[in-house]
Every structure is written in C-alpha cells, then in structure tokens.
Amino acid sequence: MSIVIVDYGAGNVRNVIKAMAYVGLSAKLTQNPTDILSADGIVIPGVGAFKSAMDQINDYQLLKPIQQAAKKGIPILGVCLGMQLLFDSSTEFGQTTGFGLIPGTVEQLPKNTPFKVPQMGWNQNNVSINNVMTSGIKDEYTYFVHSYYAKTEAKYIAASVDYGVIVPSLVIKDNIIGAQFHPEKSGDVGLRVWQAFATLVQEKVASS
Amino acid sequence: MALAKRIVPALDVKNGRVVKGINFLNLQDVGDPVEIAKAYQDAGADELVFLDISATLEGRTTMIDMIERVSSVVFMPLTAGGGVTDLNGIRQIIKAGADKVFLNSAAVKQPKLILQGAEVFGSQAIVGAIDAKWDEPAGIYRVYIAGGTKPTDLNALTWAQTMVDYGAGELLVTSMDADGTKDGYDVKLYQALNDVVKVPIVASGGAGKIQDFTEVFQDGHVDAALAASVFHYNEIAIPFLKQQLYDEGIPMRR
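Each protein sequence line maps, in turn, to chains A and B.
Position 38 of the first sequence, counted from 1, bears residue number 38 in my numbering, the numbering being contiguous throughout.
Position 122 of the second sequence, counted from 1, bears residue number 122 in my numbering, the numbering being contiguous throughout.
Simulated from the structure, these hints should not be mistaken for laboratory data.
Please note that a few of the clues may not be correct.
Stated by the list, open to error - Quick list of in silico lysine-lysine cross-link-like pairs, DSBU-like style, CA-CA up to 30 Å:
1) B/K95 with A/K18
2) B/K112 with A/K111
3) B/K38 with B/K209
4) A/K116 with B/K188
5) A/K28 with B/K112
6) A/K18 with B/K38
7) A/K28 with A/K51
8) A/K51 with B/K133
9) A/K116 with B/K20
10) B/K198 with B/K109
11) B/K150 with B/K188
12) A/K18 with A/K72
13) B/K20 with A/K18
14) A/K151 with A/K72
15) A/K18 with B/K109
16) A/K116 with B/K95
17) A/K155 with A/K111
18) A/K116 with B/K109
19) A/K204 with A/K116
20) B/K198 with A/K51
21) B/K198 with A/K116
22) B/K198 with A/K111
23) A/K111 with B/K188
24) A/K28 with A/K204
25) A/K51 with B/K112
26) A/K28 with A/K111
27) A/K151 with A/K138
28) B/K133 with B/K188
29) A/K116 with B/K209
30) A/K116 with B/K112
31) A/K18 with A/K173
32) A/K28 with B/K95
33) A/K64 with A/K155
34) B/K133 with B/K109
35) B/K209 with B/K188
36) B/K38 with A/K138
37) A/K173 with A/K71
38) B/K20 with B/K38
39) B/K133 with B/K209
40) A/K151 with B/K198
Could you put together the complete structure from these sequences and hints?
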C-alpha cells in the first residue's frame, strides 16, 4: 500500500507524517505527478491561505494529476486547508478556483458574532453519515484552526461542528474525503481518522 | 455545543529537560518531556505550553530536539517559546513540530517580529505573551519583560491591542500579581482584555483550586486556563477538574 502526501510547500507536513508513522503508515512526500497517479492513497495537507496554496499547486503542475487520480477512484484525504482545496472555489483573497472535486465554495466564518475568528480549539463532532471515516469521531472532540469553512450540500457533510454556523468537519464524496480539523493534532480520536483512511485505501487496493 | 474551553499545563524546560519534575502518574523519569507530555495527553490536557528557560544556545538547540521528539509521539497542540528573538527561532520551533510560538520580550523590543512571524506562518501560529502587573499609582496594568524582572512603559491593555494589530492570533497573559499565590486568576485583568481584543486569551497565574478555573472561564471569559504546579504535583487532577467544570456548564472536552 503506497500513500503519498502531496508536497506543494505547504505548512507543516511533518506533523502529518509523524501521526501517520505512529499508526504504522509510511507515507512518501512527493511533488511528482507519476507518484500521485500511481499511489494507492493521496493526502493533501495544508496550513496557510487558499490562494497561495493553489498558486503553488499550479506552479508544480499538480492539479491535473490530482484530478486524474480522483477520477481513477484513488482515495484522497484533504486536511484543513487541504480539505478546502477540494471544493470549487474560495473567496479568500478574491475568488480562487479550487480542485473542483466536491461541489461547494469556501467562505469566511462570519465576523461580528460572539464566536472568535479563527476558530481555534476543540469542538464536538455531530456525525450525520455513518461510515468507516466517521465511526471514530462520533460525538468526539477534534482540534480546529481555521478562519474559512466549506459551504456544500448536506449529502456531502458526513460530520459537522457548531460554531455559530454549521461548519462541515468531515466531508465525503465517493473516494474524496476532507477533514476540516487536524487529525494529526486530535489525540487518539485523530489517530483513528488516519487508521480509517488506511482501511479505505486497503479496501480499494483489495477490490481492484 | 460551543468550542471547548482549554486546560493547559505549562512546563518549564531547561536544556531539553522539564525542570523540577512532575510528581504524578508513576513516571519513570520525572524530568523527561516525552513521558510527561504523553501523561498529560492521557490525562486529557487540551494543549501543552513549553517555556524554555535555558540560558545558553546549546540549551535552545536541545529544546528544538525535545519538541521534535515530543511531537513524534504526542498528538495535541503544542506551544513553545522563551528567549525567541528572531524569525529563524520561530521557524526552528515550528519546523520541529510546535503549532504555536509565543513571543514576549522580543516582541516588546521589536514588534515587527510578530508581523513577520504571522506573515510566514499565519496568525494562528503566533502567540503574544504578556507579563502584566497592576501599577496602583499609574492606574494601569504594566508590562514587564525579561522574565518579569524589567518594567516597561507599556500599558498591558494597549500593548495587547498592538500585538493583535501586528498579527498575534492569541494572547497568553500572565498576571504577575496572581502568579504563585494560588489565590485565583486575576479575573479583572481578563475582563479588561476581553473588552479590547477579539483573539483567544489564555489566562496564566494564580490557579490553586477548581473554583479558580470556574471563575476565570465564567467571569473572565477566557478561552484557556494555563497552570503549572497544581497539575505537576497533582493537587488538581485534570479529569476531575474537567468533569467539575463541565458540571458547572462550562464546555469541556472530556
């Protein structure tokens, strides 16, 4: 089973590698399109801003390979900003086009509410779709750090948290998965998310 | 449910070792940061703060290595700082696996360091740390630097606002009046801070009993409460504390 982490110069990918290693997953950091297309599973990490992340991905010419991998049915897990990139577009620093793998947009958390922006801390997940990815996070707290959130159809929202608005915390469309929280910083609950993703990847490998 | 309020143990680190040691949970080595961090993760701490008190360059290097080791086996938010004076120092700590770096004296001397840090790593990674002491004649909370030894001309409330303007995404504010007393947090200070800034506030100094946490969350409206000795010497067990606070209606991750 080969899992790659897409390296587009984003934030701290090493904590993602450490968490995956802790549950026995070795992941290769890559910016090579061939690696991405031949992987069994793909992780899109991300800390930072949507536009600069997309600029980097376009500079490295990684968008097409990721979209092709998605079409091939390879399980893809986007984390935090990496989750937001999966959507059609974001309003962060003007309108920016995303991967277009899940229908929806990324918008700023409403300001001038009692809720501070960014949302920074542990929030409790309400699971609305039961599956392997959400089985470990039902009613559990996970760690969030973000100022923007996804707006998408209910059928793609597998779990959400309440932050004045409903913030999708885990989204799923077929083989495309996004976690708004940081599974690599969410203790045992977060480690379960990495294990669940590994299970998905294994199932996919076994069935093909 | 709302965002959980955070319970944050703070550890003093010297030359890569936790000083004074931690006397609970049957640790084999009471000064080993990895073992201690794991024990706190298991106890349900929401975040850990590491304060580097090494005075030497070698001590700093050891702390970077310590963060690297802790973040390889402990998966929770980690904040570190103490003696950070430049962007490279911030970078090293984040690269090693910390999520946030706090800036104290260096920010007073060079406020642009906050801006530089926030531009490169995002505001969420830069914590403005303030040591404040009530100055009765002046009628202000005065900012102290150099580990609380040196008074400045700064008013803590104004300085808090300035740090946020420069891009600090969170404030870690220690009341020097309350620190070490175990008589409770300086609730008034946090109320005043909440009136001037919108970023999360971590209260520090004065924790002695469970009621102190209740008050600083309910009346001080802070987002997180930091404490050291009450946790290190198991005067307050974190799972029990969190259950009590939850029963008081304070949102807690349990």
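Hints, verified against the model:
| no. | hint | in the structure |
| --- | --- | --- |
| 1 | B/K95 with A/K18 | holds (12 Å) |
| 2 | B/K112 with A/K111 | holds (26 Å) |
| 3 | B/K38 with B/K209 | holds (24 Å) |
| 4 | A/K116 with B/K188 | holds (20 Å) |
| 5 | A/K28 with B/K112 | violated (37 Å) |
| 6 | A/K18 with B/K38 | holds (15 Å) |
| 7 | A/K28 with A/K51 | holds (25 Å) |
| 8 | A/K51 with B/K133 | violated (42 Å) |
| 9 | A/K116 with B/K20 | violated (36 Å) |
| 10 | B/K198 with B/K109 | holds (24 Å) |
| 11 | B/K150 with B/K188 | holds (23 Å) |
| 12 | A/K18 with A/K72 | holds (28 Å) |
| 13 | B/K20 with A/K18 | holds (29 Å) |
| 14 | A/K151 with A/K72 | holds (25 Å) |
| 15 | A/K18 with B/K109 | violated (36 Å) |
| 16 | A/K116 with B/K95 | holds (27 Å) |
| 17 | A/K155 with A/K111 | holds (27 Å) |
| 18 | A/K116 with B/K109 | holds (28 Å) |
| 19 | A/K204 with A/K116 | violated (40 Å) |
| 20 | B/K198 with A/K51 | holds (25 Å) |
| 21 | B/K198 with A/K116 | holds (6 Å) |
| 22 | B/K198 with A/K111 | holds (10 Å) |
| 23 | A/K111 with B/K188 | holds (26 Å) |
| 24 | A/K28 with A/K204 | holds (19 Å) |
| 25 | A/K51 with B/K112 | holds (24 Å) |
| 26 | A/K28 with A/K111 | violated (39 Å) |
| 27 | A/K151 with A/K138 | holds (21 Å) |
| 28 | B/K133 with B/K188 | holds (12 Å) |
| 29 | A/K116 with B/K209 | holds (28 Å) |
| 30 | A/K116 with B/K112 | holds (24 Å) |
| 31 | A/K18 with A/K173 | holds (27 Å) |
| 32 | A/K28 with B/K95 | holds (18 Å) |
| 33 | A/K64 with A/K155 | holds (26 Å) |
| 34 | B/K133 with B/K109 | holds (19 Å) |
| 35 | B/K209 with B/K188 | holds (18 Å) |
| 36 | B/K38 with A/K138 | holds (24 Å) |
| 37 | A/K173 with A/K71 | holds (12 Å) |
| 38 | B/K20 with B/K38 | holds (17 Å) |
| 39 | B/K133 with B/K209 | holds (22 Å) |
| 40 | A/K151 with B/K198 | holds (25 Å) |
Comparing the model with each earlier hint shows violations of hints 5, 8, 9, 15, 19, 26; every other hint is respected.
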